[in-house]
Amino acid sequence: MRYRRIPDGDNLFRHSVYPVSFKGPRFQSAKLWRLIDDQMSVVTSVAWQRYVPTARHVHEYGCRLALARNERKRSEGKYQDSSRQIYCGAYQLSARAVRALAETDGLGEIASANVVHRIEENGEIAHAELKVTLKSTGSDVEGTKTAIIDRLWNACAGPMAHVCECDVDVAPHPSGHLTTPPSGQYLDTRSYLSCLWFLIGFHIRSWYWRTFHRQRAL
Amino acid sequence: MSAASNRVRLQTLVVLDSGLELPDGALLSPPIASDAQPHRLFALSADSSSATTTKPESQILRTTFSSVPIVSNSELREEYQELGVALGELLAMDAGDEWRIEKPVYYVACHVAAELMDYQYPAPEVFTHGPKSVVFNWSNESTNLYLTVSADTLSALISTPQRIQRRIEFPTKQLFDPGLIFPALRSAQLEQPVVSIDKAASDLDD
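So the sequence lines, in the order shown, correspond to chains A and B. According to this note's numbering, the first sequence is numbered sequentially starting from 8. According to this note's numbering, the second sequence is numbered sequentially starting from 4.
I should point out that these hints are in silico values taken from the structure, not numbers from a laboratory. Since the model is a prediction, treat every value here as computed from it, not as a measurement. C-beta atoms are modelled at their ideal positions from N, C-alpha and C, and glycine is treated no differently. A portion of the hints provided could be inaccurate.
[As the list claims (entries may be wrong)] Facing chain A, from chain B, some residues (calculated, C-beta under 10 Å):
1. Phe130
2. Asn143
3. Asn147
Please build the complete structure, drawing on both the sequences and the hints.
Following this line, the structure appears as structure tokens:
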């Protein structure tokens, strides 16, 4: 599949799910990101605003994410109510902030940082892959991961807290514990027309993908 | 790699006789023990082309530990017991669990935690990147200190929302001489020149 580069000015969202991003009842910002080793790179997932054009779409993605994890646990026979995954909200950052990692002082071991549109096998068309490629400098990769998640958190804005319909019985809901990153709250500064444009584009792309790409994949 | 990322190694250390003259502005504190000679340490930091500030040992110790919050020993022990339990839980997770840590990481993390307690660091928050490391984290209003512990390396990161202030790597074999690591970490946290006390050099003075 051809991966599409996400423009610098576009927004990305990282979803926070309880208990993964929490320690007990407290939100732990460092646990918002999970970086996976991929040869000389580390990768993680975000959602691209072009395919989650409104807050409702962002949250629907998050609710599906938590639901899918719970279903997977159920199918493995490992599901417990106490470890139920609960979507709590999302944080925004820009594609530009991701690419800026490669020019960050103190992160000289990063060769490149990029974010590309990469539709997941489960059909999440908003899924994008954030990939940081490392130079072979011999420096400690685990320490680099820590530095990356620290910089990503500082580039985030939010939270956009949310309670999914399936979690209305959870009291107190952990979304109340999400904290505001140093960059402050996320403000959607798009005009009404711009939002409408995003929404129309989203529906056309969704229809196109479901009609053609999915059939090809099947 | 940029100057912000340093690898700390054993540093040259000169122990001078107490009779030598101190630079202007240096304070001479009483020795730690009444029968001890007041040693003065010249530490050469990684970027030093000339000798750095000269301070009596007792002054260095007093300065580097000045930011330690006063926490009672029992409170500290309790906090570290909780940390020990958390590390144990990370080790005991199911084999397929993505958050499970490897045994060598667990052992090094326990060792580091014990040293941190000895050096009166408040108990850190803990998280992992996966099986190969554990991260200890302390934060105040604007500064974060992370200590990433893997089986063979300790990586310290000090950052503010604006920038990475400092990164330091220590091979875990230096844990056999924790006096090299933890005071250096404290100094780095305070943006002071990294000072290591070389036992061998100190012993020469005896």
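Right, here's what the structure says about each hint:
Because the beta carbon of Phe130(B) sits about 5 Å from the nearest beta carbon in chain A, less than 10 Å, this interface hint is met. At about 13 Å, the closest approach between the beta carbon of Asn143(B) and any beta carbon in chain A exceeds 10 Å, and the interface hint on this residue is violated. A least Cβ separation of about 6 Å between Asn147(B) and chain A falls short of the 10 Å threshold, and the interface hint therefore holds.
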